[in-house]
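Asker: Take the given structure of chain C and dock chain F to it, following the hints.
So the protein lines, in turn, are chains C and F. Our numbering numbers the first residue of the first sequence as 1 and each following residue consecutively. Our numbering numbers the first residue of the second sequence as 1 and each following residue consecutively.
Rather than coming from a laboratory, the hints here were simulated on the basis of the structure. Keep in mind that a hint or two might mislead.
Stated by the list, open to error - Just a few of them, taken from the derived set where beta-carbon distance is under 8 Å, the chain C residues facing chain F:
1. Gly-15
2. Ser-65
3. Gly-69
4. Ala-84
5. Leu-87
6. Lys-99
C-beta atoms are modelled at their ideal positions from N, C-alpha and C, and glycine is treated no differently.
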Amino acid sequence: GQNIDQPTEMTATEGAIVQINCTYQTSGFNGLFWYQQHAGEAPTFLSYNVLDGLEEKGRFSSFLSRSKGYSYLLLKELQMKDSASYLCAVRDPNTGFQKLVFGTGTRLLVSP
Amino acid sequence: IAGITQAPTSQILAAGRRMTLRCTQDMRHNAMYWYRQDLGLGLRLIHYSNTAGTTGKGEVPDGYSVSRANTDDFPLTLASAVPSQTSVYFCASSPGQENTEAFFGQGTRLTVV
Numbered sequence: 001g002q003n004i005d006q007p008t009e010m011t012a013t014e015g016a017i018v019q020i021n022c023t024y025q026t027s028g029f030n031g032l033f034w035y036q037q038h039a040g041e042a043p044t045f046l047s048y049n050v051l052d053g054l055e056e057k058g059r060f061s062s063f064l065s066r067s068k069g070y071s072y073l074l075l076k077e078l079q080m081k082d083s084a085s086y087l088c089a090v091r092d093p094n095t096g097f098q099k100l101v102f103g104t105g106t107r108l109l110v111s112p
Numbered sequence: 001i002a003g004i005t006q007a008p009t010s011q012i013l014a015a016g017r018r019m020t021l022r023c024t025q026d027m028r029h030n031a032m033y034w035y036r037q038d039l040g041l042g043l044r045l046i047h048y049s050n051t052a053g054t055t056g057k058g059e060v061p062d063g064y065s066v067s068r069a070n071t072d073d074f075p076l077t078l079a080s081a082v083p084s085q086t087s088v089y090f091c092a093s094s095p096g097q098e099n100t101e102a103f104f105g106q107g108t109r110l111t112v113v
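Chain C with its partners taken away, still in its complex shape (with noise of 0.2 Å):
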């Protein structure tokens, strides 16, 4: 089975730093994405990492670990815009490639 951790919600203040970890317990491993969901909309894509280390990505960065099961998605700069919710995803392969196992998500909240 899997079993995906994030916190349930985190505050920060425009232009700053903010970094949502995520922890997994997986029996096999595939990649792992980090989704982004505003209030009412559908979620978007916004990283993926199979091998260790940093992605980057304009203002927003994925890290991953896999022999620690970790990853965090850091946001830098952070815009009110950035208020929304920020789900990890692993994929699963029991069931071939394609199956995605999501994390309860972590909704953000900047303030001015």
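Answerer: For chain F alone, coordinates are given in the frame of chain C:
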């Protein structure tokens, strides 16, 4: 515009009624999924299809059925709706390769009364 479309956007349904949520994608993706999203529980997989003609059960399949007659369509049917099926339902698709992300439809908000 290429993408994934769900219908209806929202629905209020009487308990015991049958309902089909529609999902269509025009990206020729092999894999499609149905998730439900409930407060505090996150996205939970109901059913999935790795390719046309095949389907599989996810974490919470009871009370739901799916079919995948072709690549583009993946309808989700509630045979006899119950109030616990009140949720937001998201359809998603992905090309099928292991390093590719899933694309989500805009969601269907279903209320069973």
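Asker: Let's test the interface hint: is any C-beta of chain F closer than 8 Å to that of C:Gly-69?
Answerer: 18 Å, violated
Asker: Min Cβ distance, C:Ser-65 to chain F: is it shorter than 8 Å?
Answerer: 18 Å, violated
Asker: Under the criterion of a CB-CB separation shorter than 8 Å, is C:Lys-99 in contact with chain F as hinted?
Answerer: Where the cut-off is 8 Å and the nearest Cβ of chain F is about 6 Å from C:Lys-99, the hint holds.
Asker: Answer holds if the nearest beta-carbon of chain F is closer than 8 Å to that of C:Leu-87; otherwise answer violated.
Answerer: 7 Å, holds
Asker: Under 8 Å is the threshold here; is the Cβ of C:Gly-15 close enough to any Cβ of chain F for the hint to stand?
Answerer: The hint is violated - C:Gly-15 has no Cβ within 8 Å of chain F, the shortest such distance being about 29 Å.
Asker: Grab the minimum C-beta distance from C:Ala-84 to chain F and call the hint holds if it beats 8 Å, violated otherwise.
Answerer: 14 Å, violated
The structure does not agree with the numbered hints 1, 2, 3, 4 stated previously, though it agrees with the rest.
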